[in-house]
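K.L.:
Chains as they are written, first to last, in the working numbering: chain R, 63 to 181; chain E, 14 to 544.
No lab work stands behind these hints: they were computed from the structure. Among these hints, one or two may not hold up.
[Stated by the list, open to error] Here are the simulated distance ranges between beta carbons:
1) GLU67/E with ALA170/R: 37 to 45 Å
2) GLY133/R with ASP291/E: 22 to 30 Å
3) GLU126/R with THR305/E: 46 to 54 Å
4) VAL128/R with THR305/E: 43 to 51 Å
5) GLY133/R with VAL459/E: 57 to 65 Å
6) ALA170/R with ASP291/E: 33 to 41 Å
7) ALA170/R with MET542/E: 20 to 28 Å
[Claimed, not checked] No more than 27 Å apart at the CA atoms, straight line, and that leaves these computed lysine-lysine pairs for DSSO-like:
8) LYS140/E with LYS44/E
9) LYS174/R with LYS530/E
10) LYS52/E with LYS36/E
11) LYS494/E with LYS472/E
12) LYS62/E with LYS44/E
13) LYS110/E with LYS44/E
14) LYS60/E with LYS44/E
15) LYS140/E with LYS174/R
16) LYS174/R with LYS538/E
17) LYS486/E with LYS475/E
18) LYS174/R with LYS537/E
19) LYS46/E with LYS36/E
Cβ atoms here follow ideal geometry from the backbone N, Cα and C, with glycine treated the same way.
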Amino acid sequence: MSDLLIQGLEISFLGMGLTFAALGILILTMILLERGFRPKQSAVVAPSAAAPAAEADAEGLQDEEVAAAIGVALAYFRHKQAKGRASLGETLTAGRGGWWAAGQSARAAQFKSTSRGNG
Amino acid sequence: MSLDGNMQDNGHHDDSGHQELAKELRQQREKMKQGGGLKRIEAQHAKGKLTARERIERLLDEGSFQEIDGYMTHRHHDFGMDENRFSGDSVVTGFGKINGRTICLFAQDFTVLGGSFSEVQGQKVAKAMDLALQAGVPFVGLNDSVGARIQEGVYSLAAYAELFWRNTQASGVIPQISVMLGPCAGGSVYSPALTDFVIMTQGTSHMFITGPQVIKTVTQEEVDLETLGGADTHSTVSGVAHFAAADEEAALALTRQLLSYLPSNNAEPPPSVKPTDDPWRMDSELNSIVPTDPGLAYDMRRVIHHIFDHGSFLEVHQGYAQNAIVGFARLHGQAVGIVAQQPEVMAGVIDINASDKISRFIRICDAFNIPIVTFIDSPGFMPGLMQEHGGIIRHGAKIVYAYSEATVPKLAVVTRKAYGGAYIVMSSKYIRTDLVFAWPTAEIAVMGAEGAVNILYRKHLKDVADPEAEHAKITAEFREKFSRPYTPAASGHIDDILLPSETRPRLIGALELLRDKQVSLPAKKHGIMPV
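Sequences and hints are given; from them, build the entire structure.
P.N.:
Printed below as a string of structure tokens:
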């Protein structure tokens with residue numbers, strides 16, 4: 063085995079050792095930090111094991127939350143529906159516009175000139 | 014103070030001179046109200062008829078009537094006329110309101126000399142008509158008269174002519190409605206005939222040029238009054254009357270309803286009402302009304318009722334030419350005119366009477382800015398010697414003329430058959446219908462598949478071994494190619510194919526687009542309609 067190969071292997075092992083060591087230190091630091099800053103559990107929280115199953119569904123949602131979710135979904139559906147339908151007929155109830163009035167005037171003017179022409 | 018002529022004394026003028034004047038005026042008004050006298054009023058009631066003033070009271074909004082020319086009397090002396098003078102003569106004229114909109118009107122007073130048409134009556138009615146035309150308000154005539162006042166001779170006839178001339182001038186400018194509540198004979202029938210709508214009461218009203226006696230003398234035909242010119246005859250056979258009402262109350266209520274669809278004049282849009290029906294309503298029942306078998310009939314009125322605002326359809330000429338349907342309805346509160354075929358009657362074929370009915374209605378809608386919605390299901394024009402000799406060509410041309418001339422928004426829905434001439438004249442795109450829709454059941458072709466195969470393959474069918482099977486096969490192929498809406502839609506002959514239930518929102522959307530539609534026409538005095 064040549065000296066050059068042995069030197070290369072030494073450098074590789076050293077580099078890898080240093081990397082893994084640094085990673086280990088990082089993991090340890092994270093664990094320590096997580097432990098040091100974990101929020102304290104309230105003494106009163108402990109949920110009663112006897113709570114009726116009906117109060118929470120499989121995903122742990124309360125009735126109020128389910129109702130709220132349905133409400134939001136309905137509101138969204140109605141909004142979507144209204145968005146597509148809101149404008150139908152509104153133009154009609156607003157009455158005739160300026161374009162119609164202009165056309166009426168033009169027709170009246172045309173009629174007058176025709177009448178004069180025939181008169 | 015009410016507008017019915019009852020002046021209230023506020024007690025501030027104690028001077029006897031003024032009190033005497035007020036008393037005299039009240040007496041005059043009271044006398045005026047009695048018309049031909051209590052005895053004649055009782056006789057009128059005994060016949061089941063109301064007096065002129067009672068009719069006006071029922072027609073107009075309460076307390077809105079203002080009488081004019083109530084003091085006019087005739088100036089004739091011959092044949093004892095100098096002893097027969099009545100305040101206001103034989104007609105009551107004035108103006109008032111219907112559903113808050115002002116109208117002018119006259120009511121012939123049968124209690125005064127049988128409501129006979131006198132020079133004064135003519136002058137009074139003419140003045141009311143002039144006011145209506147100048148003010149741009151509808152004019153309503155309540156007719157109950159024995160005819161021209163013979164004692165006045167040519168003065169009476171001249172007065173008639175003045176009326177006819179005014180009817181013609183006002184035609185297409187202000188709506189004119191004639192309510193027939195008694196006899197109307199001879200020349201006097203032409204005034205109602207010149208108006209836009211004629212409403213007759215069943216059993217009490219009659220219209221004819223010559224009475225049964227004259228007819229018997231001239232043609233030896235024997236006919237009773239009702240068969241000759243009753244409400245049923247004119248609303249089903251002659252088409253002179255657009256509506257037949259059971260009684261006077263119904264006739265007056267119908268007048269009010271009819272006016273709710275018409276503008277006050279041709280420069281205004283028709284009155285609208287607050288929408289009460291969902292514009293997006295899509296009745297799924299519509300999807301199965303039209304049978305897929307083209308040989309089966311269905312009631313087009315069901316289609317109309319499902320599409321338009323609930324309870325808004327007022328059919329015009331209901332009993333006349335029943336193979337066609339015309340009438341007013343509302344879409345999202347807006348008045349529209351409906352023209353349709355009725356496949357239940359004569360398969361919806363177009364004949365002479367249907368042509369007259371349709372073309373006249375289109376012109377009324379166009380004159381008064383009312384959009385037209387057409388439903389097409391017709392196998393074409395009625396074949397036959399009677400029809401050809403009766404001038405079906407000329408009468409059918411009226412439909413094309415009326416549609417082509419109309420500049421209001423025009424929408425069409427082909428529900429099933431639109432064959433040949435029926436497709437062309439009934440609001441096709443090429444006579445400038447704005448939007449033409451078709452239902453999946455629509456068949457737009459030169460003629461029905463079977464007829465077409467009979468003509469095109471006559472020779473071929475003679476040569477094959479099994480002509481019936483061959484005929485059925487070719488007919489199916491022909492129907493697939495030409496009798497479905499996708500081919501005309503592919504070439505733009507129709508604008509869209511709709512599920513029947515989608516028709517209501519689509520029509521409302523189309524009306525929104527065309528709300529202010531304007532079309533310029535070539536300048537002319539008037540066209541020559543093929544009348």
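K.L.:
Failing hints, ascending?
P.N.:
Those not satisfied: there are none.
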